[in-house]
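S.K.: Listed below, chain by chain, are the residues.
Protein chains: 2
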Amino acid sequence: MNYRELSRKELVREYTKQWNRYLKYEEQDLSLDLSRGKPGKEQLALSMKMMDTLTSRSVLDSENGMDCRNYGGLDGIPEAKSLLGEMLGVHPENVLVCGNSSLTVMFDILSHAMLDGLLGSKPWSRVENRKFLCPVPGYDRHFAMTEHFGFTLIPVAMKEDGPDMDQVRRLVEADPTVKGIWCVPKYQNPTGVVFSKQVIQEFADLRPAAGDFRIFWDNAYCVHGLYPDDDAPLPDLLHACTLAGHPDMVYEFCSTSKMAFPGAGISAVAASPANLIDLRKVWAFATIGPDKLNQLRQVRYFKSMAGVKAHMARHASLMRPKFEKVIRVLEEELAGSGVAQWTTPRGGYFLSFDTMPGCAARVVELCARAGVKFTPAGSTWPYGHDPQDTNIRIAPSYAPISEVETATRLLAVCTKLAALEKLAAQYCVTVPSLAGAQTA
Amino acid sequence: MNYRELSRKELVREYTKQWNRYLKYEEQDLSLDLSRGKPGKEQLALSMKMMDTLTSRSVLDSENGMDCRNYGGLDGIPEAKSLLGEMLGVHPENVLVCGNSSLTVMFDILSHAMLDGLLGSKPWSRVENRKFLCPVPGYDRHFAMTEHFGFTLIPVAMKEDGPDMDQVRRLVEADPTVKGIWCVPKYQNPTGVVFSKQVIQEFADLRPAAGDFRIFWDNAYCVHGLYPDDDAPLPDLLHACTLAGHPDMVYEFCSTSKMAFPGAGISAVAASPANLIDLRKVWAFATIGPDKLNQLRQVRYFKSMAGVKAHMARHASLMRPKFEKVIRVLEEELAGSGVAQWTTPRGGYFLSFDTMPGCAARVVELCARAGVKFTPAGSTWPYGHDPQDTNIRIAPSYAPISEVETATRLLAVCTKLAALEKLAAQYCVTVPSLAGAQTA
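Protein chains in written order, with our numbering: chain Z, 1 to 440; chain L, 1001 to 1440.
Just chain Z, same shape as in the assembly (with noise of 0.2 Å):
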């Protein structure tokens, strides 16, 4: 049934059929979160062995023979930089192994750039009207990182393949005070799109007219695919730039938050010859080092790459239940309906979906109300405004299966009621239960 073509009684009728199985939901008392990216308790479970790696028994030295109990090894350890290194698909020597969170490492090189600039260039707190391109929907946490630091935050429009390379280069080639892009390249937050071979080449290619643009390249699901025997390549942005010769234009991050347990994992960034030294240098005054236990932890059980994609297998028969529960659902209700589109993410944590225009914010409340929590609309934009308030970012980690499906079809008896509620204003119709909806 497209609502778009329904008469004024079809409509109403739709409408009061739907209210009717939204009351139903209400009835319920529900309470379901499909919010936030947290793996959900079967995939913490998956890697509780992991604290049984290092023992009293064990020897705490690193493959180079440092002492991991004591201070010192600024870099991480050579097995860390090593395994996050092939994750990434870089050379250990590219690599830093950090701390807890990525994102900390993000926010710490930002701050190093405000403060210092980045080989030399002059400090971004002093750069009037400096702006970062935001490729929409992406990544609130990102967003709001670079809002504090008093960037205008640009949107850029995310297609098929990879952000709208034309829109990006016109951006980054035209203006000096364009001083960074945020990229989630593989399974993208929340679309879930992998960045083609084609777009990384054209990130290669950029000519930004600011010397110190930099690609916040966070490959925060670069081994979280929920088909593991047909993974999705993604050619290495950071060789792509050595070639181009633009090595010192990327920073590239990733995590083993995701693979066992978020916050308790460790980080790593990738970057050129010239901005690790510019790194270490500014670091060397923050740090003695980072916790080389909990970096030989994660080595010793994941033990090599073959070991992480076993491991991440078993994550993936964990996620793909859910990601195709939510799919099937939202064909079910509303294929055909001309009133929303999502994305159908082969990896990462998130589906993207799209009301009718005007309706996210709507449809997002009237799921609350029942129960059942959803990002807040607009997150997915910077400053959480989208302009054409249609985005909701649908994370089906954390919740079981079944309250997926039951979260998933609110989602789209909102959608319908919401997109009804506009369609009936055009025709200036009066739906009863709708008023008291408003109201309630």
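The reader is advised that the hints may include incorrect statements.
Said to hold, decoys possible - No more than 35 Å apart at the CA atoms, straight line, and that leaves these computed lysine-lysine pairs for DSBU-like:
id	chain 1	residue 1	chain 2	residue 2
1	Z	LYS49	L	LYS1041
2	L	LYS1303	Z	LYS49
3	L	LYS1159	Z	LYS281
4	L	LYS1281	Z	LYS41
5	L	LYS1325	L	LYS1041
6	L	LYS1325	L	LYS1009
7	L	LYS1373	Z	LYS122
8	Z	LYS422	Z	LYS325
9	Z	LYS309	L	LYS1159
10	Z	LYS41	L	LYS1159
11	Z	LYS422	Z	LYS9
12	L	LYS1303	L	LYS1017
13	L	LYS1373	L	LYS1009
Because the hints were derived from the structure by calculation, they are not lab data.
Using the hints, position chain L against chain Z.
M.R.: Positioned in the frame of chain Z, the structure of chain L alone reads:
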């Protein structure tokens, strides 16, 4: 033998005697290091059972029911707030428990002050001629950090019960560009001085010209007494500042690094409610939260403040003989010489040693030539420049006690040689072996 009273002839004879001793050390091909404050191997062995604290069979919830295996909890877990709060002598609600390095927490707060200002004050990066007070001798990493952030470092003399508070008061109350002071209040690095109750009260009673003046109270050695039955009391400064009407004037820091495994512990900052709100606000951009599993591991291992004390008594039993050995050797070699003095700490990781003026760099050089490494002369002063060239930091923790003895004895011999060289120059005496030593 008071070197300052030697005749020319006695001086030459004494120099020759010490020079022959020095040559015997040189022949031994020593390779000893008393330069950094790292725990020794036996100390690390004390904590190996910590590696067994969390296993795959552990319930990994904090006492408030938070699953420590997943994201969340910017403040740290409640039991860690309690334990580290107790170490600092503050209420848990005044504490944030952070990552593996208290140094990083200090750096992060300074970054925040530089970029954002504190509680609405002008960002420090925009304060011309900003200054930071540095009690001397002091900790090189503190000084280097504020130098990095563009502060002019003002040395303040350390007295036997803390910094010279007349000097501190004069500087802090007259000059709004004086933004902070570094303090290690208990078993100070390197003197071992414990700040007196009166000094702490004088800190609390400061009336800074700068509204955003901050005391960086690095209580790194709060539980690191050498004589557990007779540990120095330290009144809490946050409490004193609050009573004096200046609750926001101090940040206190501690960590478990030197209690178990350096670099793999947890850190904390304690501050007023307003300061904590300010920090949470900015850190919410930088992280989803600290490594809660490591917080759980630390707290479950130490169990309680009584557990901490019992554990630290075991550290003390390893450290005390080393400190006592250093002091005994220095007394045997240098008491009454008139060319050296040293502190006799009752806790911490260091002793402070002073040569005759103008001799410290020469002493460290002579030691290094004979294979014994001390912290570079000058390190305990801002910019690495000790204007009198007298101070050397002795760090006896890492080396085995036999090496501590050898290294200290060599230090004494070199101190005598350097002093005799100076005194010889005053007599216009040429010491043949001296020429050789300087050109070797």
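S.K.: Now tell me, hint by hint, if it's right for this structure.
M.R.: Do the hints match the structure? See the list:
1. Distance restraint check for LYS49 of chain Z and LYS1041 of chain L: the Cα-Cα separation of roughly 28 Å lies within the 35 Å cut-off, and the hinted pair is therefore satisfied.
2. About 23 Å separates the Cα atoms of LYS1303 of chain L and LYS49 of chain Z, which keeps this hinted pair within 35 Å; it holds.
3. Note on LYS1159 of chain L and LYS281 of chain Z: the hinted pairing holds, with a Cα-Cα distance of about 34 Å set against a maximum of 35 Å.
4. Proposed proximity of LYS1281 of chain L and LYS41 of chain Z is supported: the alpha carbons are some 29 Å apart, at most 35 Å.
5. Restraint check: the Cα-Cα separation between LYS1325 of chain L and LYS1041 of chain L comes to about 18 Å, which is no more than 35 Å; the hinted pair holds.
6. A hinted pair counts as satisfied when its Cα atoms are at most 35 Å apart, and LYS1325 of chain L with LYS1009 of chain L qualifies at roughly 33 Å.
7. Restraint check for LYS1373 of chain L and LYS122 of chain Z: not satisfied, since their Cα atoms lie roughly 39 Å apart, outside the 35 Å limit.
8. Pair hint LYS422 of chain Z plus LYS325 of chain Z holds up; C-alpha atoms about 28 Å apart against a cutoff of 35 Å.
9. Between the alpha carbons of LYS309 of chain Z and LYS1159 of chain L the distance comes to roughly 60 Å, so the proposed pair goes past 35 Å and is violated.
10. Note on LYS41 of chain Z and LYS1159 of chain L: the hinted pairing is violated, with a Cα-Cα distance of about 56 Å set against a maximum of 35 Å.
11. Pair hint LYS422 of chain Z plus LYS9 of chain Z holds up; C-alpha atoms about 15 Å apart against a cutoff of 35 Å.
12. Under the criterion of a C-alpha separation no larger than 35 Å, the hint pairing LYS1303 of chain L with LYS1017 of chain L is inconsistent with the structure, at around 55 Å.
13. For the proposed pair LYS1373 of chain L and LYS1009 of chain L, the alpha carbon gap of about 32 Å is at most 35 Å, so the pair holds.
When held up to the earlier numbered hints, the structure conflicts with 7, 9, 10 and 12 and fits the remainder.
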